[in-house]
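J.: Listed below, chain by chain, are the residues.
Protein chains: 2
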Amino acid sequence: MKFEVKVRVWLKPSVFDPQGRAVENALHTLGYGDVDRVRVGKYMELAVEAADRAEAEAKVAEMCERVLCNPVVETYDFTLAAAGAAKAGDGQ
Amino acid sequence: MKFEVKVRVWLKPSVFDPQGRAVENALHTLGYGDVDRVRVGKYMELAVEAADRAEAEAKVAEMCERVLCNPVVETYDFTLAAAGAAKAGDGQ
Numbered sequence: 005m006k007f008e009v010k011v012r013v014w015l016k017p018s019v020f021d022p023q024g025r026a027v028e029n030a031l032h033t034l035g036y037g038d039v040d041r042v043r044v045g046k047y048m049e050l051a052v053e054a055a056d057r058a059e060a061e062a063k064v065a066e067m068c069e070r071v072l073c074n075p076v077v078e079t080y081d082f083t084l085a086a087a088g089a090a091k092a093g094d095g096q
Numbered sequence: 005m006k007f008e009v010k011v012r013v014w015l016k017p018s019v020f021d022p023q024g025r026a027v028e029n030a031l032h033t034l035g036y037g038d039v040d041r042v043r044v045g046k047y048m049e050l051a052v053e054a055a056d057r058a059e060a061e062a063k064v065a066e067m068c069e070r071v072l073c074n075p076v077v078e079t080y081d082f083t084l085a086a087a088g089a090a091k092a093g094d095g096q
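Protein chains in written order, with the working numbering: chain A, 5 to 96; chain B, 5 to 96.
A few of these clues could be false.
The list cannot tell twin chains apart, which means a pair is met if one copy fits it or any two copies do.
Below, in silico cross-link-like pairs of lysine-lysine (BS3-like), each with a Cα-Cα straight-line distance of 30 Å or less [to be verified]:
hint, residue 1, residue 2
1, K6, K63
2, K46, K6
3, K16, K63
4, K16, K46
5, K63, K46
None of these hints come from the bench; they were simulated from the model.
Treat the numbers as computed from the prediction; the structure is a model and nothing was measured.
Could you put the whole structure together from the sequences, leaning on the hints where they help?
T.: Spelled out as structure tokens, the structure:
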């Protein structure tokens, strides 16, 4: 069974985010002075084959912990849907 | 009124994604052979001040078009919630 996965990875609140600061400064420079607390992270989409939903979730969690996210400074979450059930036009 | 915004930016399906390919290869190398179609994009969180929700949405859409996303090769979407209403622990 194929599952479509959407993963978000972002820096923990206590970690300084230079990329977020740079984007915030750019927005301010371009006139969007009323924006703050900009944080930049990663968004990933992937498809995974698994026997069932539980196995797919376990696989994705393991991939996040080992590869996609650095648990020391980052946090992650993910959503998972049986292939074909995910919203059309969502990056696929 | 303060709004908490979550933005996803990802490459259009027709655009080659070298970063996604690199992550996919890494996952395969580490034994996750049943993963494919890995696409990597940006996930951003920010707070914006606006008179009401409609104004906030218009501002964020404009920021996405001008700064946060390259409309030629990328697609974006965003969710917006009044400050304090967003899920706790979501990168804030």
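J.: Run every hint past the structure and note whether it holds.
T.: Outcome of the hint check:
1. K6 - K63: Classified as within; 12 Å inside a copy, 38 Å across copies.
2. K46 - K6: Close inside one copy (23 Å) and across copies (24 Å); limit 30 Å.
3. K16 - K63: both (23 Å within a copy, 26 Å between copies)
4. K16 - K46: Classified as both: same-chain Cα gap 13 Å, cross-chain 16 Å, threshold 30 Å.
5. K63 - K46: both (19 Å within a copy, 22 Å between copies)
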